[in-house]
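Q: Single-letter residue listing:
2 protein chains.
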Amino acid sequence: MSRTRVHNFSISLDGFATGEPQSAEAPFGHAGQRLHTWMMATRFWDPSGSDGVDHAFAQRHSDGIGAEIMGAHKFGPPGWQDDPDWTGWWGENPPFHTPVFVLTHRPRSSIELDGGTTFHFLDASPDHALAVAREAAGDLDVRIGGGPSMLRDFLAADLIDHLHLVVVPIVLGRGVRLWDGLEGIESGFEVESVSSPSGVTHLTFTRVRS
Amino acid sequence: MSRTRVHNFSISLDGFATGEPQSAEAPFGHAGQRLHTWMMATRFWDPSGSDGVDHAFAQRHSDGIGAEIMGAHKFGPPGWQDDPDWTGWWGENPPFHTPVFVLTHRPRSSIELDGGTTFHFLDASPDHALAVAREAAGDLDVRIGGGPSMLRDFLAADLIDHLHLVVVPIVLGRGVRLWDGLEGIESGFEVESVSSPSGVTHLTFTRVRS
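As they're listed, the protein sequences go chains A and B. Residue numbers for the first sequence, in the UniProt record's numbering: 1 to 210. Residue numbers for the second sequence, in the UniProt record's numbering: 1 to 210.
Careful: at least some of the hints might be erroneous.
Covered stretches of chain B (chain A as the covering partner; in silico rule of three or more C-beta atoms under 8 angstroms from a C-beta of chain A) [what the hints assert, rightly or not]:
1) 1 to 15
2) 74 to 82
3) 90 to 103
4) 183 to 189
The hints are simulated quantities; they were obtained by calculation from the structure and are not laboratory data. From a predicted model like this one, the values you see are computed outputs, not experimental measurements. Glycine included, every Cβ here is placed at the ideal spot set by N, Cα and C.
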């Protein structure tokens, strides 16, 4: 059974998944790269990086994934819909290598890039988007890519099977929170926590099948 | 040099240190005992409890402490100032065994109970309260007891030397947050994280002395 999975989703101690304001120069606002330093220090990101618990989690990102769904805020800075040449942050060869479905109220034509990544644009509810992505993924899993607003929607709609969060020990103070409106979301999941020598704590929420 | 320390301060994943509404029947509101289950399962609380990392942290609560400062919301439910017979939640022999300074805008006479605990009531700023508590503690340390609002005030005033937090993997959704207004508070501290088999993660913030 194809599952929906979230990987390497990093939040601050106070629950922010991005700072503010977001722009073309600062995709995570005042957070800069601080939420993802842990990941950029692993072999997953850098061939000379670390090879311990942080890498073990990070490299699961692409393992058995057949499609991704991402929110409009992940695909580009505010206003990207007005720029017909915008093709995402990731250049000619994005690190997805599957179909990627971008949720936006202003869909455009699909964009095929190198390495197997094709961006499709959908104005759709979470469950409809998931049906489309599952079809594209075949027997493989669907990654829910974030950002925080769309992940909240998928969690609230009970559409997530596996959630890997990384709590970074900084207090961002402002930005976009993950947890708002998700009281009690832990019920129905097995939750594990493991801290890393790098200082971050990995949390996994795995759906309990009844 | 006497230090100011915080121990066993438990928060949810979304940063709430208490639920709502708080009352005489439900000191932590809808959170119930969920933020402190980890502690009640240790030898610190229960002689037949666990004796591992959770206990190692929990029992530091009283180690070398000569006085506590607590907020009005920790001492009693809303309106306790109108009840002349209210002597705290803890019965005849409270677990403090030192002078305890309760911050309130409506001070009353001191209350001496068994086991060395005396409650004093102060209408004072954090730094003034700390000066008074330090005097009472002699060479020993001062524990900052919480709740979250008064702890925020002490953190914002840069008066904390050691902060032990326990992140419990539940999403409370509502209550009183610890982190509000504390952007960047981690700078100036050494931060460590260690997860426990019980599922909680212990965080320590230790002031870096320059």
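Q: Among all the numbered hints in the text so far, which are the ones the structure does not match?
A: Hints 2, 3 not satisfied by this model.
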